[in-house]
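Chemist: Assemble the complex: chain V is given as a structure, and chain U must be docked to it using the hints.
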Amino acid sequence: MNNSKINQLKDNAFKYFGIGCTLFGILVLGYFLVNIAIEGIARINWQFITSLPSRIPGKAGILPALIGTLWILGLTAVIAIPIGVGAGIYLEEYAKKNRLNNILEINITNLAGVPSIIYGLLGLEIFSRIMSMGGSLLAGASTLSLLILPIIIVATRESLKAVPKSLREASFALGATKWQTTWMQILPASSGGIVTGVILALSRAIGETAPLIVIGALAYVPFVPSSPTDEFTVMPIQIFNWISRPQKGFIINSAAAILVLLLVTFLMNGIAVYLRNRWQKKVKW
Amino acid sequence: MYKLRSENVNVHYGDFHAIKDVSLDVEKNSVTAFIGPSGCGKSTFLRLYNRMNDYIEGFKKTGKIYFDDVEIYDSKIHIEGLRKKIGMVFQKPNPFPKSIYENVVYGLRIQGMKNKKMLDEVVENSLKRVALWDEVKDDLKKSAFALSGGQQQRLCIARTLAVEPSVLLMDEPTSALDPISTAKLEELIYELKQNFTIIIVTHNMQQAARISDKTAFFYLGELVELNDTKEIFTNPKKERTQNYITGRFG
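Here the protein sequences line up with chains V and U, keeping their order.
Numbering of the first sequence is given in my numbering, commencing with residue 1 and proceeding in unit increments.
Numbering of the second sequence is given in my numbering, commencing with residue 286 and proceeding in unit increments.
One chain only, chain V, in its complex shape (with noise of 0.2 Å):
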């Protein structure tokens, strides 16, 4: 056998192999989604949505922990946002490349690996105890934003990163200050990454369950949360509530309220797609 007859077969292997692996998650994501949905799409259904946790399985609904789930996802959002991408573009932008500042990103980096209990902790310490926030809605979504922020701040350096220094260069050179140059040239073509790594970070805080149990989130929520400084379940724990217990009826109602959780993240990533699609339109490459 020739040369490039190997070669060609490597190739082929190679793409065969690629195929297996895309086919292997998929499988797998398809076999779990089918399971819950025979078990739990005839559960879903307006009373289901909007009535109070109960004891009986058919009176028992996911409103307290579907609106705190929002409430959660909202808040971090506010919160994290403008963090994570002001200190992602002050690292990539302003900070001199020194020890300290190599420090720093070493350590941010490894922050997004550390497991969300250890935030839970934190958490419970700085936002529940020190600055007295207990089990409140404000709180969890504090505590998430920690979580997430490293994630944020990555994503958005990698974005900024990815931006041509000729661009830079363009807006430096007519007379444009480093702040107008971030603001009307960098952040608008780095957008788009931007976007999809918030909404990647956001969609790991609305799955969190631990760091919310660890800062006192309640299991049985009988109200909807109104304020930032209710107390609040989400649907991951309240899953998790009626996972555990032995009735039948409850189990049912867990993979409805699973179904419910994964179409507010595809919501949730379907309104990414669009905006980044939308923004990526204005800035004319």
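What the hints contain is simulated information worked out from the structure, not anything from laboratory work.
The C-beta atom is built at its ideal place from N, Cα and C for all residues, glycine as well.
One thing to keep in mind: the hints can contain errors.
[Claimed, not checked] Distance windows between CB atoms, simulated:
1) U/Asn480 / V/Gly18: 58 to 66 Å
2) U/Glu292 / V/Arg204: 54 to 62 Å
3) U/Phe301 / V/Asn98: 15 to 23 Å
4) V/Pro164 / U/Glu449: 24 to 32 Å
5) V/Thr229 / U/Glu449: 55 to 63 Å
6) V/Asn98 / U/Asn400: 39 to 47 Å
7) U/Phe301 / V/Asn102: 19 to 27 Å
8) V/Ile83 / U/Phe301: 36 to 44 Å
9) V/Arg204 / U/Met403: 48 to 56 Å
10) V/Trp183 / U/Glu507: 36 to 44 Å
[As the list claims (entries may be wrong)] One-sided and incomplete, this derived list gives chain U residues near chain V with beta-carbon spacing under 7 Å:
11) Lys369
12) Met373
13) Asn379
14) Gly392
15) Ile395
[As the list claims (entries may be wrong)] Short derived list, chain V residues pointing at chain U, Cβ under 7 Å:
16) Ser166
17) Ala170
18) Ala173
19) Leu174
20) Gly175
21) Ala176
22) Thr177
23) Gln180
Modeler: Structure of chain U alone, referenced to chain V:
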């Protein structure tokens, strides 16, 4: 009368000595060409005038550079203000990912100009000056990336002219262009000379000979020779210049 003067300028990037004791004066409303082999320091020297090297890691400069008798590396100098007066055109056309219109008015927008009528006027005048108006006047809202390379480069010049500089720095502005676009750009440079002091870095010696009044030959960070372009190309004083322009090295 000299528009730009420099005295004993040295530039270091970390340990690398990029510019070695260069003193060079540039006359008002003339075209000066910087020639020399790659890595000889001609681009570095050009970028000293609008302080674009300031962002490079380990950049250090000694000596003085004057623009209209103001020392441009003085700590009191307002860098953004300086760059409005000393415009720059880059090697590769680098329009902003915006419309043609927004590209031209960017320099004015960042200065806070909002008057639509005045902006419209500037766009028309600037594009006319670079002979691009007739080609794009109906497509001002189109992306600048829809233009050809040569048009993009002329747009970049128009964008620079819009903020009304008195000096134009051009860093190999035609190296990414086809011969016809290059010819158009050279013609443009010849016209702009009436009102602007132009310094052009070029690898193309025929280009230097065609468009410049003075030519400076750089080699390994030193200014080997600066003279009238005619003199440099017909009767160079230094042997190294002679060798370079006859193609014996470089």
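Chemist: All the hints need checking, so say for each whether the structure fits it.
Modeler: Now the hints, each set against the structure:
no., hint, verdict
1, U/Asn480 / V/Gly18: 58 to 66 Å, "holds (60 Å)"
2, U/Glu292 / V/Arg204: 54 to 62 Å, "holds (59 Å)"
3, U/Phe301 / V/Asn98: 15 to 23 Å, "holds (20 Å)"
4, V/Pro164 / U/Glu449: 24 to 32 Å, "holds (27 Å)"
5, V/Thr229 / U/Glu449: 55 to 63 Å, "holds (57 Å)"
6, V/Asn98 / U/Asn400: 39 to 47 Å, "holds (44 Å)"
7, U/Phe301 / V/Asn102: 19 to 27 Å, "holds (23 Å)"
8, V/Ile83 / U/Phe301: 36 to 44 Å, "holds (39 Å)"
9, V/Arg204 / U/Met403: 48 to 56 Å, "holds (49 Å)"
10, V/Trp183 / U/Glu507: 36 to 44 Å, "holds (41 Å)"
11, Lys369, "holds (4 Å)"
12, Met373, "holds (4 Å)"
13, Asn379, "holds (4 Å)"
14, Gly392, "holds (4 Å)"
15, Ile395, "holds (5 Å)"
16, Ser166, "holds (4 Å)"
17, Ala170, "holds (5 Å)"
18, Ala173, "holds (4 Å)"
19, Leu174, "holds (4 Å)"
20, Gly175, "holds (4 Å)"
21, Ala176, "holds (5 Å)"
22, Thr177, "holds (6 Å)"
23, Gln180, "holds (5 Å)"
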